[in-house]
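Trainee: Model the placement of chain B on the given structure of chain A, informed by the hints.
Residues per chain, in single letters:
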Amino acid sequence: MTQEWNDRKTWMSLLAKVPVEALALAWDEADLGPDYRWLRRPETGAVMVRGRMGGTGLPFNLGEMTVTRCALELADGGAVGHGYVQGRDKGHAERAALCDALMQTEARGAVVETILTPLATQAAQVKGQRAERAAATKVDFFTMVRGE
Amino acid sequence: MYVAVKGGEAAIDNAHAWLASERRGDTDVAELSIAQIREQLSLAVNRVMAEGSLYDPDLAALAIKQARGDLIEAIFLIRAYRTTLPRFGLSNAIETADMACDRRISATFKDLPGGQVLGPTFDYTHRLLDFALAAEGGERPEVATRPADPAPMPHVTGFLNRDDLIEQEPVGDDTPSDLTREPLEFPATRALRLQSLSRGDEGFVLSMAYSTQRGYGRNHPFVGELRVGTVAVEMDIPELGFAVEIGEVQVTECETVNQFAGSKTEKPKFTRGYGLCFGHTERKAISMALVDRALRWKELGEDNVGAPAQDEEFVLSHSDNIQASGFLEHIKLPHYVDFQSELELVRKLRAEVERSQTAPTQEAAE
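Sequences listed follow chains A and B, in order. Just so you know, the numbering used here puts the end of the first sequence at 148, numbered straight through with nothing missing. Just so you know, the numbering used here puts the end of the second sequence at 1366, numbered straight through with nothing missing.
Quick caveat, the hints were computed from the structure, so don't treat them as lab data.
Pairs of lysine-lysine residues, derived as DSSO-like cross-links and limited to a Cα-Cα distance of at most 27 Å, are as follows:
1) A:K138 - B:K1110
2) A:K127 - A:K9
3) B:K1269 - B:K1298
4) B:K1065 - A:K90
5) B:K1332 - B:K1348
6) A:K127 - A:K17
7) B:K1332 - B:K1065
8) B:K1264 - B:K1298
9) A:K17 - B:K1065
So here's chain A without its partners, still in its complex pose (with noise of 0.2 Å):
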């Protein structure tokens, strides 16, 4: 799977999703740990989740769903990296900032490399695995003839 990694919004929202222990083997594996200061420490919050009435109609409060986040300026060159990740992990919010700080600095290609690319693949496993064990549940309809 190749993909460009161009849009922040793209590897923010993969960062956010990403299993804790994925991203922390993956984070060590790299080998990057910049110095930084905080902007903001890790702290864990709720957001709001909406539904839709039907589906597709008028918004309404589903529930809430933990989420933690922080902000972070890398000492070398002062990129500043945010993250917002689900659950209450303060490493996995630290490591998705530093993570997209890393992305708008040089090191970029390392992150790609080494973190983007592998945790993609693996949630695509994921996400592939449970589609293909969903599509063995598809019913197939057989007409049935009356007697001859």
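Mentor: Here is chain B on its own, set in the frame of chain A:
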């Protein structure tokens, strides 16, 4: 006379210590981990998330462990926890049309684009206890796969809409009022009713829905579509100036197609009920859709037949199991002073009856 008393501190501490030990149970049996609950009791986790109104599987699993499997107690723990969280904002409305469906069935159309996808369902099982599960060390069964069809799965109501056979949902992006921020007032908007039903007690909402099927506000529902799967949650990030996906949630959505509304001037059309809940919670989502439809009698110009499921004040005021159990269970806490006054009153009344009974006999004796 009112005498202030205090006490029970040591008894309470000891009771809680014993509770913790009972929670653990026999120490010769391995302790449950949060991950085990999350992975192996996932439908309990889903119910706690839906009614706790907070999507976080690990927290729900922790709550179930702490509550010794008492799901309403677990929901209480989640509700209490969520009040401690700062609110970062509101998501954009999730797009259930883009759901990655694990399951998608329609009871109204056999051949529909995307097909009937059963998913991991209890339907068509024989409901016989499977003693093989009692044996430990069972292998995870192989799951069949088939190449997935990348074609979209449109909403069933979408193609009924095309032929103008079903009422259209009004569209817009108004910010809906929020139960968790403002007290519930009547008449409630449909947005508030749906929020309330989505976090309402499954048993209560199920019973209300069942009552409509049995004739108390009948609304002739068909399950137009039931889908279970994951959807991305997107939120506008103010400091960035654009929206990003901040996560992914599993939801169950039920759309019912119900009997007609029309008039002399307007051709009859199907009407709709809607259910949407966190997690794989299909009994709840179907129930929600039926009750939503029953509560819509006024906007559809139907008669109020006096059925409980049509009475939004009755339904919404009693659907929350945390409010209900809070009020119910508080009566087991000490009410010594209240009861003392009742006791005095009943004694006084008895004495009056006694006096009136003895007085005439004395008169007669004289």
